[in-house]
Every structure is written in structure tokens, then in C-alpha cells.
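**Q** Letter by letter, the chains look like this.
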Amino acid sequence: MTHSRPKTKIKRDMGVRVFDFFSIIILSLAALICVIPFIFMLSGSLSSESEVVRNGYSLLPQGFTFEAYRVVFNSLGSTIGRAYLVTMYVTAVGTVLGLLITSMSGYVLSRPDFKHRNKVAFFVYFTTLFSGGMIPTYMVVANVLNLNHSLWAIILPGLLSPFNVFLFRNFIKGIPEALMESSRIDGAGDFRIYWQITLPLTKPAIATIGLFTALAYWNNWFNYSLYLITDKDKWGLQYLLYRMLARVSDAVRDSQIVMVQQMPSETMKLATALLVTGPVLLFYPFAQRYFVSGLVVGSVKG
Amino acid sequence: MKGEVIALNQVSTPMPDTLKKKALKKRGAPFTDFRAHKVYYFMIIPMIIYFVLFSYLPLAGLYNAFTDYDFSKGLLSPFVGLKNFEFLFHGGMDSIIWKLTRNTILYNVAFIVLSNLCQITMAVLLKEVAMKKFVRVSQTLMFMPYFVSMVIIGSIVYNLFNYNYGVFNNIFTSLGFEKFDFYRTTWVWPIIIVVIEIWKGLGYGTVIYLASIMGIDESIYEAAYVDGASKLQRIRHITIPLLKPTIIVLLLFSIGGILRGQFDLFWNIIGNNGLLLTTTDIIDTYVYRALTVNFSINLGTAAGLYQSLFGLALVLTVNAVIRKFDNENSLF
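Going down the list, the sequences are from chains A and B.
Numbering-wise, the numbering used here puts 10 at position 9 of the first sequence, and it's gapless, one number per residue.
Numbering-wise, the numbering used here puts 227 at position 214 of the second sequence, and it's gapless, one number per residue.
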């Protein structure tokens, strides 16, 4: 076939091939760099401790063993189990409540017959312009609302974000007004229109905001460090891991004295890290689809 | 403005009652509107309460930026005027606030420029590669770091760079070089932190840009192909110019937030490591240490207030610039 094509065509094909070749190399490299650290973690957690201490981490497990996982389950099993329950509880309650409030507000803000929508929208938007910052917020949660030592200190502050409220509002604006108008004529009230007409039509937005919120709750360690520092039975997964890692790395960072025997095992830390991340890593290829479609919709200005 | 409104109301008072009611309904006076749309108000109340509690109420706490904070007295601590700011700004170029501002801004500029550059490159390449499966797989893999917590990222960084069995020192020794003590060397951390930030955000940003590229009319590419444009020419003369508005708007928006650091990132990688603070301390980490390590509430609040005010000024400036450049995309 090729010989019958005109000369420029061949040249163009060559160019395309060279370009594709380099694109694929660059993209593969980028993808590889994004995955390699996780492979190091996995292989480290499956290596024997003595090999890691002698040779350091490597891409393939050295002296393949499930020892680290066995130790983690035996000595930390109940601690991690409890932290799992805390994190799942916080994530579930926070995500459901957050979605409900975000979608209701987004719906009202999208209604042209809600007179004060612009004022309320500015009330929400202003919080992104100027804020009290970390310490005043801490004071309100801890001293004014008295949420210290309560899981509500994790759940409540993370419920809403202005970005999510506006994302939902913009999404609803894409739904034809006639649909809501006709259900109103059929006698549906405002809440019924929201619940039975709008919500089913905004599944992609619900999924995106729900995933954003859930991810933020699942990965939160910061609020535990402020409000639940002494309540070990209420530590979430990430904060538990944070404490395990901080203890060891501070020792190494602050002094060069090497005390291998007395330190918690390196492979054990990796095994814990993978257990903590596990559900997210398994879940994310599915979640990513929603992220992508939701983000694309949300970034269209309404 | 206020005077005018009052004057208008006064003019309308002599109207007959029935007409007045109609006018009120039309204008949607608060009470009539409330009765007509009670449900709306109930649906939006939880959100209002949320923002009042977690965004507006904390503003009162900014008062502590002007006090010598005393834990037993709270907001009744002695007022000291601008003393906290004098402390933060003391010494001009050697002052705490100058170091923090410089670090915060330099990191964010590096993040913004390099992250966007990498994301745009990836998006452009993903568009051009015709193998669907490869595109999907590589996109999924690039998105992976976005989903894991900063605690895990901190642990990954530690396992890469620690002195004893870190991956890099492992490589150095196997190549016959000396071990390198990363955690005692200040200059390497800006590089590491910037690379990690690019790495973490690569998938997310690529998706945004790819969506924008996919929105470009395909017939433009076809016309260029018929005219004999090569792939590189099509990228240079179609994709990049049509992507420019998105790029510029995203860049301008991120400039508004240039004083807000990635606290999570810095704290999980560096923590409270005094050795590295000269090159890694940003305003947010300073405030967090003020709250949890040094307990200097007044200084931390003052630094936070400085950050908010500086940030607000930047947002307003950037918005004015956007309005001039592209009115459609200005924020307000």
C-alpha cells in the first residue's frame, strides 16, 4: 500500500509515527512515576524486615513474607479495626449530611423565584475571600461550640464547601425550567420538586460532590490532631497512621543515632499505610469516572 | 444610596392600601416573600447556620491578633494594639513575616507554573494519542496520587529519602556513592516539595485541561489535516491558542490564593523539623505551630490575619485584571 502513496503522505506518516512514539514514551514515564512509589510501598510491606534493614527498599519484595501484615493484625488489629469504624462512621455521616445540605442550598440558589438568591450567594462566596483562618476557627469549634472530644468536631466543619454549593447550583441550572414549572402546575410543592424531580436528574453532580466530600473525610487527619489528640479510641485511620509515622521519623530526623532494634518495624509501617489506603486505592478507578464527568460539567460556567 | 431608598419609600406611602399590597408583593418585601416560599427558607437555613458558625463567627476571633492572649481570659485578654504585628514585622528583611511571605509566594509560583505546564503537556499528548486503551490506563494511573492522603504521601517521601534505608540512599550506595543526609540538608527540600506537589496534582489538572481540549471543534483539526498540517503544527496553531483563555483564567485565579499554602503537604513532609524551616516554613505551618507547639495564639492569629488581608487584596487586584482582560470570566 505504502508505495502507491504520494511522497508527502509518507513523510507525514513518519512524522506522526515519531510523534506518537515520543508521546507514548512521555505518557508512560509520567504514569510510571505516579505508580512507582506505591509499588515500593507494596513490595516493602511484603519484604522481610532484616532484608530491608540491610539493603533498603526495592522494587521487588526481598525475602517475600506476610510477616508484617501478621504482626500488624496481631498487635494492632483491634486498634486499626476501631480506627476503621471511626473513619467509616465519620465519612458516612458527613457525606450524607453534607450532600443533603449542599443539594438543598444549591437547589434554592438556582431558583429564579427565590428573591434573595444573589444576596445568599454572596454570603457564601464571601467566605472564600476572607476568613478568620486556622486559630479563630479552632477557637469556635473548641471553645464556643464545645466540640472537643467529640466526633462532631470532625464531621461538622467538613460538611460544606462554597465550591460544592456552586457546583451543584450550576448543574441544576442546566435542567430545563419547564420541567419544574409543569410539576408545579401538577401541584407539587417546592420540596417535592427538589426531592423527586431535581435530585434524580442531578445524579452526576451528587456523585461528584459525594466523592469529593467522602474523600476529604476519609483522608482527614488534621481535625483529629486538633480536637481528639487525647481520645485514642476516637482516632481515625489517617491520624492513627500519622501518629505511628511521626514517632519514628521525628526520632530519625532529630538525631542521627540509629536505634534499629528499638524502633517499630519499617515493614510494619508500610503494611499499615497500605491497609489505611486500601479501600481508596481499590475504589478509585470507579470513582475517577464520576470525578471526570462531574468536573467537566461543574467547570462549565452557569 | 441608603438615603435614596428611604426617599422612595416615603413617596410611596400615600398609595391606597390595596395598591400598596400589590406593590409589596411585586417588590417581594421580606415577609410576603417568606410566606410564598417558606420551603426555600427552611431548605437553606442549615447552610446559613453552617457558614455563620464556621466562617463568620471565627472572624470575631481575629480580635486576638491585637491582644496579648491569655488562655484563662480568652477574648478579654489585654489589648495591645499592633504590638504582635510589630513583632512579626520587626527587622525588615530579616523579619519573620518576610521569610514566611517569601517562602509561601515562591513555592506557590513554582507550583502554579510547573504544575500547569506538566498538566497541559500531558493533556495535549493524551489528546493526540489515538490508542484509546492506553489513554485510559495512563490517565487512571496518573490520577492515583490524587486519591491518597497527605499522611501516606509523607510516608512515601520518608521512605524515599530517609538516611538508613531510603530508596535514594539505597541507589547511591549501590552505585558506589556516599549516602546523602536529606533530612539535614535545607536546599533539597524546595525541589522535593515542588516535585511532590506536581506529582499529586498531575491527574486532576490533566483532566481539566483535557476536557477543555475536547471542547474544541473537531472540524478545525480536520480542516488543518486536509491542508497538510502536521501534528506538531496542529498543536501549536490550534490546541495551544484555543486553550489560552482557559490557561490564563486558571492562572489568574490561582494567583488570588497565592498566600494560602498547602499546609497538609508541608506538615506531613517536614513536620516540626527545626533544621529545615529556613527553606520550608510557610505562613500556614507557622500558624499551626503557633497553635499546637508554641501556644502563641496572638502571634498565630496576627499572621493569619495578615495572610487573609494580603490574600483579599490579591483577589481584588486579580479580579480587576481579569475584568479588563476578559469580562466574561471575572468573579464579580
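Just so you know, the hints here were simulated from the structure itself, not pulled from any lab data.
Hints may contain errors.
Unchecked claim - Straight-line C-alpha distance at most 30 Å; calculated DSS-like pairs for lysine-lysine: (1) K146(B) / K51(B); (2) K213(B) / K116(A); (3) K120(A) / K233(A); (4) K213(B) / K235(A); (5) K192(B) / K257(B); (6) K192(B) / K174(A); (7) K213(B) / K192(B); (8) K204(A) / K145(B); (9) K204(A) / K192(B); (10) K174(A) / K116(A); (11) K257(B) / K174(A); (12) K145(B) / K213(B); (13) K140(B) / K244(B); (14) K204(A) / K51(B); (15) K174(A) / K337(B); (16) K337(B) / K204(A); (17) K192(B) / K146(B); (18) K140(B) / K51(B); (19) K204(A) / K244(B); (20) K120(A) / K140(B).
**Q** None of the hints should be skipped; say for each whether it holds.
**A** Consistency of the hints with the structure:
For the proposed pair K146(B) and K51(B), the alpha carbon gap of about 52 Å is over 30 Å, so the pair is violated. Restraint check for K213(B) and K116(A): the C-alpha separation of about 42 Å exceeds 30 Å, so the hint is violated. Distance hint between K120(A) and K233(A) is unfulfilled; the C-alpha atoms sit about 43 Å from each other, more than 30 Å. Taking the CA atoms of K213(B) and K235(A), the gap is about 29 Å. The hint holds against a cut of 30 Å.
Taken as a hint, the K192(B) and K257(B) pair is broken in the structure, with Cα atoms around 45 Å apart against an allowance of 30 Å. For the hint pairing K192(B) with K174(A), the CA-to-CA distance comes to about 59 Å; that exceeds 30 Å, so the pair is violated. Of the pairs offered as hints, the one joining K213(B) and K192(B) holds, with about 27 Å between alpha carbons and a cut-off of 30 Å not exceeded. The hinted pair formed by K204(A) and K145(B) meets the criterion: a straight-line CA distance of about 26 Å does not exceed 30 Å.
Proposed proximity of K204(A) and K192(B) is contradicted: the alpha carbons are some 53 Å apart, above 30 Å. Restraint check for K174(A) and K116(A): the C-alpha separation of about 16 Å stays at or below 30 Å, so the hint holds. The hinted pair formed by K257(B) and K174(A) meets the criterion: a straight-line CA distance of about 27 Å does not exceed 30 Å. For the proposed pair K145(B) and K213(B), the alpha carbon gap of about 24 Å is at most 30 Å, so the pair holds.
Simply put, K140(B) and K244(B) have alpha-carbon atoms about 11 Å apart, close enough for the 30 Å limit, and the pair holds. This hinted pair checks out: K204(A) and K51(B) have alpha carbons roughly 26 Å apart, not beyond 30 Å. Taking the CA atoms of K174(A) and K337(B), the gap is about 27 Å. The hint holds against a cut of 30 Å. For the hint pairing K337(B) with K204(A), the CA-to-CA distance comes to about 37 Å; that exceeds 30 Å, so the pair is violated.
For the given pair, K192(B) sits about 41 Å from K146(B) by alpha-carbon distance, which is inconsistent with the 30 Å threshold. With a C-alpha separation of about 49 Å, the suggested pairing of K140(B) with K51(B) is violated against the 30 Å cut-off. Between K204(A) and K244(B), the direct Cα distance comes to roughly 38 Å. Violation of the 30 Å bound is thereby established for this hinted pair. Restraint check: the Cα-Cα separation between K120(A) and K140(B) comes to about 41 Å, which exceeds 30 Å; the hinted pair is violated.
Violated hints for the displayed structure, listed by number in ascending order: 1, 2, 3, 5, 6, 9, 16, 17, 18, 19, 20.
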